[in-house]
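K.L.:
Single-letter residue listing:
Protein chains: 2
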Amino acid sequence: MLRIDLASRVPVYEQIANGLRAELVSRKFSPGEKLPTVRTLAINLGVHHNTVAEAYRQLANEGWLELKRHHGAIVRERNHPEAGPDTMERFTRPLRELVAKGLADGLSPSSLAREMIETARGLEERTAP
Amino acid sequence: MLRIDLASRVPVYEQIANGLRAELVSRKFSPGEKLPTVRTLAINLGVHHNTVAEAYRQLANEGWLELKRHHGAIVRERNHPEAGPDTMERFTRPLRELVAKGLADGLSPSSLAREMIETARGLEERTAP
DNA sequence: ACAATTGTACAGGATCGATGTACAAACATC
DNA sequence: GATGTTTGTACATCGATCCTGTACAATTGT
Chain U
1 MLRIDLASRV
11 PVYEQIANGL
21 RAELVSRKFS
31 PGEKLPTVRT
41 LAINLGVHHN
51 TVAEAYRQLA
61 NEGWLELKRH
71 HGAIVRERNH
81 PEAGPDTMER
91 FTRPLRELVA
101 KGLADGLSPS
111 SLAREMIETA
121 RGLEERTAP
Chain S
1001 MLRIDLASRV
1011 PVYEQIANGL
1021 RAELVSRKFS
1031 PGEKLPTVRT
1041 LAINLGVHHN
1051 TVAEAYRQLA
1061 NEGWLELKRH
1071 HGAIVRERNH
1081 PEAGPDTMER
1091 FTRPLRELVA
1101 KGLADGLSPS
1111 SLAREMIETA
1121 RGLEERTAP
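Top line first, the protein sequences correspond to chains U and S. Yeah, the first sequence ends on 129 if you go by the working numbering, and it's all consecutive. Yeah, the second sequence ends on 1129 if you go by the working numbering, and it's all consecutive.
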């Protein structure tokens, strides 16, 4: 389940969007499925429903959800868009910084490498099943 | 060189700290070396010197730098700290979310996997040189 | 000695995030 | 059908955070 870190400096609505996007990418929800209403999810997470609504809106802008009044948030079939030129850079840089933070926090290089390789393996499995 | 994205929502001082930390972790600077003064780096990046100072302070708190007045920021020898219990979680969750964002932006799973494996390989090289 | 340099301290202004409250439209129940 | 409930949305507000402007103390260089 989603967990919100109120102490974090990254906005709650983006934490929700990030978490949901991760689940959507991993096909945890099928198209047509309905996500919880903004209020129920808000209560579950202990935040305001407008905050959840903002997260839903962001995902809807990216094409993941369809928002219809009184029909909740419906998961949409989504075809992959074209990757721009700096898109890869927008991945590699935060990745390096994330690894640096992990090392700075005392994580061993081998455990970090293992985690990344595992994640990569999971990705490739979905590519050629 | 460091590049600052003023449009980004992550604070500039943290962008600077993240970028420098990544370079420090990769041993791009040797202990004893001096980093640019807050003002010169600030001019280079086009930000206020107090913003750079905040980044330096953050890195000093983590033990990467030693700040002495009129001696600039000196790179320190730094021994790895103990990793807490949730430290790994603070790495895997953002990693998953980062991958999800990459996929959402149209990056192919294989290219993401390749990048992560390459980063992991670079890490392991530094482990047993 | 004196000017320049350097990191720091502190106040102000702008922006942003989370909430409180109210509203319009569709649904449920009778 | 009528009415109350549910749902997403809109807007104002409060608080926090970020970046900057400005000033200052301490060291350096000449």
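Because the hints were derived from the structure by calculation, they are not lab data. Predicted model, so just to flag it, every value in this text is computed and none were measured. Keep in mind that a hint or two might mislead.
Only pairs whose alpha carbons sit at most 16 Å apart, straight line, appear in this in silico EDC-like list of lysine to aspartate or glutamate [what the hints assert, rightly or not]:
1) U:LYS101 x S:ASP1005
2) U:LYS101 x S:GLU1033
3) U:LYS34 x U:GLU82
4) S:LYS1034 x S:GLU1082
5) S:LYS1101 x S:ASP1086
6) U:LYS68 x U:GLU82
7) S:LYS1101 x U:GLU33
8) U:LYS28 x U:GLU77
9) S:LYS1028 x S:GLU1077
10) U:LYS101 x S:ASP1105
11) S:LYS1101 x U:ASP5
12) S:LYS1101 x U:GLU82
Residues of chain U clear of chain S, computed beta-carbon distances all greater than 12 Å [claimed, not checked]:
13) LEU20
14) ALA22
15) GLU66
16) LYS68
17) SER111
18) THR119
Cβ atoms here follow ideal geometry from the backbone N, Cα and C, with glycine treated the same way.
K.L.:
Could you work out which earlier hints the structure fails to respect and list their numbers in ascending sequence?
P.N.:
Result: hints 1, 2, 3, 4, 5, 6, 7, 10, 11, 13, 14, 17, 18 break, sorted rising.
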